[in-house]
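Peer 1: Residue strings, one per chain:
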Amino acid sequence: MTKPWDMTSEHLLRELAPQVLGAVARRFRDFSSAEDAVQEAMIAAFTQWPQEGIPDNPRGWLIQVASRRMTDQVRSEIARRHRETAVASEVETMAPTVDVESDMDPDDTLILLFMCCHPALTSSSAIALTLRAVGGLTTAEIANAFLVPEATMAQRISRAKQSIKTSGLSFRLPSPKERAERLPAVLHVLYLIFNEGYASSVGAHLQRLDLAQEAIRLTRSAKRLLPDDGEVAGLLALMLLTDARRAARTGPDEELIPLTSQDRTLWDRAEISEGIELLTATLSKGTVGLYQLQAAIAAVHDEAARAEDTDWPQILALYELLRRVSPSPMVTLNHAIAAAMVHGPAKGLELLRALDTDSRLAEHYRLDAVRGHLLEMLGDYESAVRHYRVAAGRTTSIPERNYLMTQAARLDEGTPKADDHARS
Amino acid sequence: MKYILMMNTMRVGHGVPAWPKKDLQAHIAFMMNLNKDLRESGELVSAEGLSFPDQAKLVRAGKDAAPVTDGVFPESKEFLAGFWIVDVETAERAYAIAAKVSGAPGPGGVPLNMPIEVRPVMSAPPQEML
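So the sequences go chain by chain: Z and W. With my numbering applied, the first sequence covers 1 to 424. With my numbering applied, the second sequence covers 1 to 130.
In short, the hints are calculated from the structure, not lab data. Please note that a few of the clues may not be correct.
[Stated by the list, open to error] Computed list of lysine-lysine pairs in DSSO-like fashion (alpha-carbon distance at most 30 Å, straight line):
1) Lys63/W <-> Lys2/W
2) Lys100/W <-> Lys22/W
3) Lys2/W <-> Lys165/Z
4) Lys223/Z <-> Lys165/Z
5) Lys100/W <-> Lys2/W
6) Lys36/W <-> Lys165/Z
7) Lys100/W <-> Lys77/W
8) Lys165/Z <-> Lys100/W
9) Lys285/Z <-> Lys347/Z
In isolation and in its complexed conformation, chain Z is listed as follows:
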């Protein structure tokens, strides 16, 4: 009476994780222990199902296993207390009977998402907990993705749960008002997971868990649960429109290939059309937020068949909007680049000067990297080389350092950029 394990089974299992956790957490009224129990049930499924096949009622199976763990835990806890204080047998009242079909609530995934991305948590612990509790990933997989030991990741997750306990969060859906306030934090965590995965998805790290795909999967469920929210749709569109360029962004030696030099035939057309479709649907609905605007900018890039076809005036207009909706030094920086593409490098450099006094960006390599690029466009190679090298000294990413050092060396040797379509 079982189904064989195949390619889609792992996906199914992970999708079930938050639903199972929701049911067990509500029944036992203990999120933290329920989360541990579900993790154990997931690991049991990952070991047993590929060999024995998928049970008829996979969700029921997981709830049974997790609940049994919970009951065992409650029993041993009571036994311990009994030894100490002779408490009467509470076991029967504290360990409810298992009824797998009841207390299923489609909102559970959403409750968990808001819980795991609570602003009381640091972003690294929110990320870890979200991937485990909502994403259904194992501690080992998450540890491996972030290149830290499993024990360290386990501690990070358990501390995150401790913070949730301390802050007195209950297992319920936040009110619409509260949801609106906290949604940006949820989207930010999903965005960070995506960014970590997308940016690290080069060569040597390929065997690591694909965090970008996990982020897209989680954002898809968020989109299903909050279908009318423009920013959730915007974030999903942004992820798809960015991920579409993945195969083109690194060369054979894992070197970074800038957007203007990428082989655009390698871009994923299916992801681009899905992203654009999502974006078009959400933009027609009214208020425009941070992620929708970034997705719109990504879409303009993706729609250009060649780098020189890029509609920079439109990108500039979108950055101007973004500066109003969500001002930040990074937005100012990108706005300056777009302005340089439309009005020439001098204009871009002039706009960058506003950032010199911004302490948030003062020592950031991006400022020097962009300045180097604009100075190169202007023909001031000597200054460009200097800024590329300062940037190379400040970045904490090896592929970026290699890229910036190579840019400086190329200019130093007097070779103009072969693929510079920037001079407009």
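Go by the hints and put chain W onto chain Z.
Peer 2: Then chain W, alone, in the frame of chain Z:
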């Protein structure tokens, strides 16, 4: 963000330093506790102690790339005794851990205040380049 904390200690003569048993035990307990705390805070990536410099060799490629080894030169006053790699939220947190390491108890329980070199590990995800 990952940082490496490199603990440099002063070289005093050869071999292991001769500290009173009580001070030695206090020092060892301090280091064990520190590692335990970092593991429990979910920040420890790795921690390694290194051999004393007596066992160190300097290696260079010689003819046909064959290794040429040499002893460590006695004039070097400081040596790397061990390192930690931590994964923390901010640089300030890495500095705070380094300061804790630095103040490990020495002879007589007096803080050693060793210099700890803190450097970011090149682990940031690369961003889109121009």
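Peer 1: Hint by hint, note whether the structure agrees.
Peer 2: Hint check results:
no., hint, result
1, Lys63/W <-> Lys2/W, "violated (38 Å)"
2, Lys100/W <-> Lys22/W, "holds (20 Å)"
3, Lys2/W <-> Lys165/Z, "holds (28 Å)"
4, Lys223/Z <-> Lys165/Z, "holds (27 Å)"
5, Lys100/W <-> Lys2/W, "holds (17 Å)"
6, Lys36/W <-> Lys165/Z, "holds (23 Å)"
7, Lys100/W <-> Lys77/W, "holds (23 Å)"
8, Lys165/Z <-> Lys100/W, "holds (29 Å)"
9, Lys285/Z <-> Lys347/Z, "violated (34 Å)"
Hints 1 and 9 from the earlier list are contradicted by this structure; the remaining hints agree with it.
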